[in-house]
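Colleague: Chain residues, written in single-letter form:
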Amino acid sequence: GAVVSQHPSRVICKSGTSVKIECRSLDFQATTMFWYRQFPKKSLMLMATSNEGSKATYEQGVEKDKFLINHASLTLSTLTVTSAHPEDSSFYICSATLLGENSPLHFGNGTRLTVT
Amino acid sequence: GENVEQHPSTLSVQEGDSAVIKCTYSDSASNYFPWYKQELGKRPQLIIDIRSNVGEKKDQRIAVTLNKTAKHFSLHITETQPEDSAVYFCAASRGGTSGTYKYIFGTGTRLKVLA
Chain A
250 GAVVSQHPSR VICKSGTSVK IECRSLDFQA TTMFWYRQFP KKSLMLMATS NEGSKATYEQ
310 GVEKDKFLIN HASLTLSTLT VTSAHPEDSS FYICSATLLG ENSPLHFGNG TRLTVT
Chain B
134 GENVEQHPST LSVQEGDSAV IKCTYSDSAS NYFPWYKQEL GKRPQLIIDI RSNVGEKKDQ
194 RIAVTLNKTA KHFSLHITET QPEDSAVYFC AASRGGTSGT YKYIFGTGTR LKVLA
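Protein chains in written order, with the numbering used here: chain A, 250 to 365; chain B, 134 to 248.
Everything labelled a hint here was simulated from the structure, so no lab data went into it.
It cannot be assumed that every hint is accurate.
[Stated by the list, open to error] Below, in silico cross-link-like pairs of lysine-lysine (BS3-like), each with a Cα-Cα straight-line distance of 27 Å or less: (1) K269/A to K304/A; (2) K263/A to K170/B; (3) K291/A to K235/B; (4) K269/A to K201/B; (5) K235/B to K191/B; (6) K290/A to K175/B; (7) K290/A to K304/A; (8) K190/B to K235/B; (9) K291/A to K263/A; (10) K235/B to K304/A; (11) K263/A to K175/B; (12) K235/B to K269/A; (13) K263/A to K290/A; (14) K290/A to K170/B; (15) K263/A to K191/B; (16) K315/A to K269/A; (17) K204/B to K191/B; (18) K204/B to K315/A; (19) K204/B to K290/A; (20) K304/A to K315/A; (21) K245/B to K315/A; (22) K191/B to K155/B; (23) K290/A to K313/A; (24) K235/B to K175/B; (25) K313/A to K235/B; (26) K190/B to K269/A; (27) K175/B to K190/B; (28) K170/B to K191/B; (29) K291/A to K204/B; (30) K245/B to K290/A; (31) K155/B to K290/A; (32) K201/B to K170/B; (33) K201/B to K263/A.
Let the hints inform the model, and build the full structure from the sequences given.
Modeller: Take a look at the structure:
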């Protein structure tokens, strides 16, 4: 149980375009999902907390107008990178918990974004 | 803001030896501390976790200790095997108001087990 699916696994886009990444909880409902960004050989940096039916909570330094998060249902959260630039190239990974706070995070398989 | 420091950044051990990774957290309200293992190109996987009402937890070759006073927690791997080679992340979490909560990760430790 507690499977999180993320799509696409890899995407290449041109500068100035937008890219949408989907994160789905396949066998459980997730009122809260987390979006992380991971640079090569670096840690998982929390970008935002996605709450079903309400606005996402962004971490300091993360531009909410650039990284649009929508959590329209209990099983789907999306991250849209708008007007992508090469510096947005990174590994984006979502996660959710089956049992809420103070329980294990289950991660999606991640999305490797390359902006040319 | 919240911060989790992790040491060492890299660790090489001989097969069969023990490995210890240490983390320090800044938010005294943190009450849940999971450890994740990430192999190259794969998603992080939970290996063990501990809650603030417990000082130590063990699962076969893996153990975690927590010192709430010092805000330290450590991962101990005994009898290391080559397949233990990976990047390990610690994390700290706290419950928030109105159901909000989040997980802050340490900077990671790249463990190499030499055969």
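Colleague: Does each hint fit the structure? Answer for all of them.
Modeller: Here is how each hint holds up against the structure:
Restraint check for K269/A and K304/A: satisfied, since their Cα atoms lie roughly 17 Å apart, inside the 27 Å limit. At most 27 Å may separate the alpha-carbon atoms for a hinted pair to count; K263/A and K170/B exceed this at roughly 33 Å. In summary, the hint linking K291/A to K235/B is supported, as the alpha carbons are separated by about 19 Å, within the 27 Å threshold. For the proposed pair K269/A and K201/B, the alpha carbon gap of about 41 Å is over 27 Å, so the pair is violated.
Proximity of K235/B to K191/B is assessed by CA-CA distance (about 25 Å); at most 27 Å being required, the pair is judged to hold. Restraint check for K290/A and K175/B: satisfied, since their Cα atoms lie roughly 13 Å apart, inside the 27 Å limit. At roughly 31 Å between alpha-carbon atoms, K290/A and K304/A are farther apart than 27 Å, so this suggested pair is violated. Distance hint between K190/B and K235/B is fulfilled; the C-alpha atoms sit about 22 Å from each other, no more than 27 Å.
Restraint check: the Cα-Cα separation between K291/A and K263/A comes to about 25 Å, which is no more than 27 Å; the hinted pair holds. Under the criterion of a C-alpha separation no larger than 27 Å, the hint pairing K235/B with K304/A is consistent with the structure, at around 15 Å. Our distance criterion of 27 Å between C-alpha atoms is met by K263/A and K175/B, whose separation comes to about 26 Å. The straight-line distance between the Cα atoms of K235/B and K269/A is roughly 23 Å, inside the 27 Å bound, and the hint therefore holds.
For the proposed pair K263/A and K290/A, the alpha carbon gap of about 25 Å is at most 27 Å, so the pair holds. Pair hint K290/A plus K170/B holds up; C-alpha atoms about 13 Å apart against a cutoff of 27 Å. Simply put, K263/A and K191/B have alpha-carbon atoms about 48 Å apart, too far for the 27 Å limit, and the pair is violated. For the proposed pair K315/A and K269/A, the alpha carbon gap of about 12 Å is at most 27 Å, so the pair holds.
Our distance criterion of 27 Å between C-alpha atoms is met by K204/B and K191/B, whose separation comes to about 19 Å. With a C-alpha separation of about 35 Å, the suggested pair K204/B and K315/A falls outside the 27 Å cut-off, and the hint is violated. The straight-line distance between the Cα atoms of K204/B and K290/A is roughly 26 Å, inside the 27 Å bound, and the hint therefore holds. For the hint pairing K304/A with K315/A, the CA-to-CA distance comes to about 14 Å; that is within 27 Å, so the pair holds.
For a cut-off of 27 Å, the pair hint linking K245/B to K315/A is broken: about 38 Å separates their Cα positions. Taking the CA atoms of K191/B and K155/B, the gap is near 16 Å; set against the 27 Å cutoff, the hint holds. Note on K290/A and K313/A: the hinted pairing holds, with a Cα-Cα distance of about 25 Å set against a maximum of 27 Å. For the proposed pair K235/B and K175/B, the alpha carbon gap of about 22 Å is at most 27 Å, so the pair holds.
In summary, the hint linking K313/A to K235/B is supported, as the alpha carbons are separated by about 17 Å, within the 27 Å threshold. This hinted pair does not check out: K190/B and K269/A have alpha carbons roughly 40 Å apart, beyond 27 Å. Restraint check: the Cα-Cα separation between K175/B and K190/B comes to about 26 Å, which is no more than 27 Å; the hinted pair holds. For the proposed pair K170/B and K191/B, the alpha carbon gap of about 16 Å is at most 27 Å, so the pair holds.
Between K291/A and K204/B the CA atoms are separated by roughly 23 Å; this keeps the pair inside 27 Å, and the hint holds. At roughly 14 Å between alpha-carbon atoms, K245/B and K290/A fall within 27 Å of each other, so this suggested pair holds. A threshold of 27 Å between alpha carbons decides the hint, and for K155/B with K290/A the separation of about 18 Å falls inside it, so the pair holds. A threshold of 27 Å between alpha carbons decides the hint, and for K201/B with K170/B the separation of about 23 Å falls inside it, so the pair holds.
For a cut-off of 27 Å, the pair hint linking K201/B to K263/A is broken: about 48 Å separates their Cα positions.
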